[in-house]
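J.: One-letter residues, chain by chain:
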Amino acid sequence: MATATTGRKVTWGVLDLLVIAFALIPVLWILSLSFKTKDTLTDGSFWPQQWTLKNYADIFQTSEFLRALVNSIGIAIISTLIAVVFGTMAAYAIARLEFPGKRLLVGLSLLIAMFPQVSLVTPLFNIERGLGLFDTWPGLILPYITFALPLSIYTLSAFFREIPWELEKAAKMDGATPAQAFRKVIAPLAAPGVFTTAILVFILCWNDFLFAISLTSTTASRTVPAALSFFTGSSQFEDPTGQVSAAAVVITIPIIIFVLFFQRRIVAGLTSGAVKG
Amino acid sequence: MTVQNPSAATEPGVVDGHEVVSHRKSRPALSEGKRAERRLGLWLCAPAFIVMIAVTGYPIVYSIWLSLQRYDLRFPAQHEFIGFANYAAVLTNSYWWTSFGITMFLTVVSVAIEFVLGMALALLLHRTLVGRGLVRTVALIPYGIVTVVAAFSWYFAWTPKTGYLANALGSGAAPLTDQWPSLFIIILAEVWKTTPFMALLLMAGLALVPEDLLKAASMDGASAWQRFTKVMLPVMKPAILVALLFRTLDAFRIFDNIYVLTSGAQDTGSVSMMTYDNLVKGLNLGIGSTMAVLIFITVAIIAFLFIKVFGTAAPGSDDGGKR
Amino acid sequence: MGKKRLRGRSPARAGALLAAGLLTTGLLTACGGSSGLTINVYYSPEDHFQTVVDNCNKAAGGRYRIVYNKLQRGADDQRIQMARRLAAGDTSMDVLGLDVTWVSEFAEAGWAEEWTGQNKAKASAGVLQGPLETATYNGKLYAAPKNTNVQLLWYDDRITPNPPKTWDEMMQMSRQLKDAGKPYSIVFTGAQYEGLVVIYNTLVASLGGHILSDDGKSVVMDAGAVQALQLLKQVSSSGLTDPSLTNQKEDDVRQTFQRGDAAFELNWPFVYASYAEEKPKDLSHFKWAVYPEAKAGMPAKSTIGGFDLAVSTLSKHKPQAFEAALCLRSAENQKYSAINDGVPPTIESVYHDDTPVNPSEPASTANPNMAIKYPMRDTILEALKTAAVRPLSPAYQNASTVISKVLSPPSQIDPQQTAQTLREQLNDALQSKGVIP
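Chains as they are written, first to last, in this note's numbering: chain A, 44 to 320; chain B, 153 to 475; chain C, 16 to 452.
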């Protein structure tokens, strides 16, 4: 019996290791590239033979990457804030209120979740050109909010349905004002859902590439994913492999942090929104 | 007192502000409450609704209008209304159909592989006896990582001399310069990136499979495979269809991986890639919009097929009623 | 920053920038000057171009300050970057570094200002015929030729003491080298991009054929064009090219040869400067010759490349922009760029100028002149005399995209059929009706 359990544990362990290797190898590879020296970049070995931090020093010396990083962070945070606030409002209404047009909103969100982003690129390019929004932060924030809203509405309304709202009523009966009831009872219950949604939305915005390269043209609003393909290398005759890798690692850090610390929440958020509906 | 049903929320008196409104007016309380609730609901949804419509609805209508014009920014003098000529140009163009075929191929193959691997991963994440937290955490990395970053990682890995994978193929191998190897690498990159997401969606379905049902089947002498096909799959069907629908539509939009890996060279471009090229390289708003509309229609057809033919319950369509 | 970025933009844009820009202001302060007027030059990355810019800033004496904005490395990316900003009405670009094939397009779209009067006279004085032609569209001058370019055959005299005269000879030598187990491959730009079009255009011109009519308005694709397809296919499927032929752009080609993995390199002269820098010990064996003939007895017509400087029609400082552009391509600065970055001058007299960088000292490797840093100057001049200009059509970009697409991969060419496909698709492309692959 004991050996059978051990045997099964070993089997699971081996499978676990396979999954871990599969998931980590590409990440370790780009990490390794980012530490390789110029001369060993093309040696083809998986681990750096000579380690250097020069690639990181290089990207942080140019304003190009720094600006892109500021753009990425700023645009993703602003989009996330707005999408989560709007999403919370709408999700609350969907989860708790009866009103006409509810189905319309749910249907619209679903439609947008499936919407091919590329269909928006051409018209948005021309509209933003006319409005002067092309290559500005709002020019990217707007589409990001739009595509983040369905995600945030779905995830949040799933969370909100799980909240025992009668507690609010009970608190009011005990003499709490509506504001107190909300602050002391509902807000703490809703906060984890809102926070989880914010993480998912941030990842979505952080990840975008298509809008970022189509609706920007300068460092004024170009985000890191788009900037990666603009790296020129420190000399005309040198491929920017090392710098691209270093920049790629830098923008992967927040993702790794989210995954490490909020794994449970991300899993809960992704599964609740999409399946429980 | 546990309220799972959202309709309980419609109970008057729960909504903030309800009392205020009902005191001010002397209409029957219930109807007044309902009206206040409606108003609040509409107000709460308005910002989300307006943004979504303004950023997608209007541009789509606008792109239909653009698609009926000859509109190349490099030939400003030739801007004119030309009816459906752009559609004729695109629909009779062999490149369009090639990239359409490639997109379909990539979609079907990568979603099929992701489904099989995702199901295996979901079972593993759900059942594993050791290191569940660790595996779940690590498996989330591909989901979270920026697609372009992952794409660069694959790109460098398959670049001759630089990459460990290209070198493993032997010297002189340059897989990203041929159509089939390139497509294989694009699929690999897609599968790597999205299998965890597929697995999570399927895992949510797995959680709905009652343990005692599996136990009972086991008692009746059903093999593991039989338990999987006869007990688990039927229960999971709604979750599976939703996962497939989402991933299919997502895969159809493939752009980032192709942009980095091949830029669409050697007939590896997707329809998204082609639309981008016609807009950004060609600055041809007419042709670009025509493609945008055609892609939109295709996606609508795919969604329709899933929902009507396979009976996928679109999430949210029945307000959480299904479990 | 503020001042420069916001100037001349629409109120909506300014508002949007203000609304969103709070976070970036700190970083943007780096650009824009205290001395007021800034002339923004957008030009491809050239290692020592900043020195040229500095020279011109000195010459401007504080009236304006030129800022060199480096574009990406890829030609397509550079063009997209500028075209997109101009289409969006960006007024912050003053001088545009245009690849010779974009001038017609930018002129037709109304993005490049015409050069007239004094400026025109200065921009064309002493300029070689071919390069000047690339800056002209419909008989008007739209840019000042900055540098020209023409591909040569590069080889290592330890592998092949005498360069081949024709493509047939080159393939024959390559095959012998392969059998002898030596570096043998013929490397050229075979990736699906402009570089492949350059090779094809050279072959077509060398065989006396035409892809488009001289006015760039109709498709010709005559016998020479078909023979060129045949030759391109023959070379690409001979097993004598690099395995990654279909992924190689200029710099990959340069690296392949420099690593010692090839016997023959067809490339622009910039390869000499980088070879000198990275493999100085072997430099004496790095040799060059005019492009091999496609047909014995007919001198090859190598495709002209290079850059022209145009002034944006949206620029707010056109007079200064013209002046800056003229300075950046002055004879003195062209010589500097030729010596330091390996880009061939457009002004003929520069080729014969043997004054070293520092005229007060004798010429040496530390104080080079054209003869030391640019020993292939006579070969370049010779090649330029017979060189071929790519079709001057505003739809060139479409045509080129179609050509590179149809020719990829070159080993799969079927001369007759490929020619027919090209005829049909080029026709659509020229009218900007069709789909860009």
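Be aware that a few hints might be false.
[Claimed, not checked] Chain B is nowhere near these chain C residues, computed Cβ spacing over 12 Å in every case: (1) D69; (2) G125; (3) S228.
[Said to hold, decoys possible] DEER-style ranges, computed between Cβ atoms: (4) C/S233 / B/Y210: 47 to 57 Å; (5) B/R191 / A/T220: 18 to 28 Å; (6) A/F238 / B/V387: 27 to 37 Å; (7) C/S233 / B/Y239: 45 to 55 Å.
It should be emphasised that the hints constitute simulated quantities derived from the structure, not laboratory data.
We put the beta carbon where it would ideally sit given N, CA and C, even for glycine.
J.: Against this structure, judge whether each hint is valid.
T.: Outcome of the hint check:
no.: 1; hint: D69; verdict: holds (33 Å)
no.: 2; hint: G125; verdict: violated (6 Å)
no.: 3; hint: S228; verdict: holds (19 Å)
no.: 4; hint: C/S233 / B/Y210: 47 to 57 Å; verdict: violated (41 Å)
no.: 5; hint: B/R191 / A/T220: 18 to 28 Å; verdict: holds (22 Å)
no.: 6; hint: A/F238 / B/V387: 27 to 37 Å; verdict: holds (31 Å)
no.: 7; hint: C/S233 / B/Y239: 45 to 55 Å; verdict: violated (26 Å)
The structure does not agree with the numbered hints 2, 4 and 7 stated previously, though it agrees with the rest.
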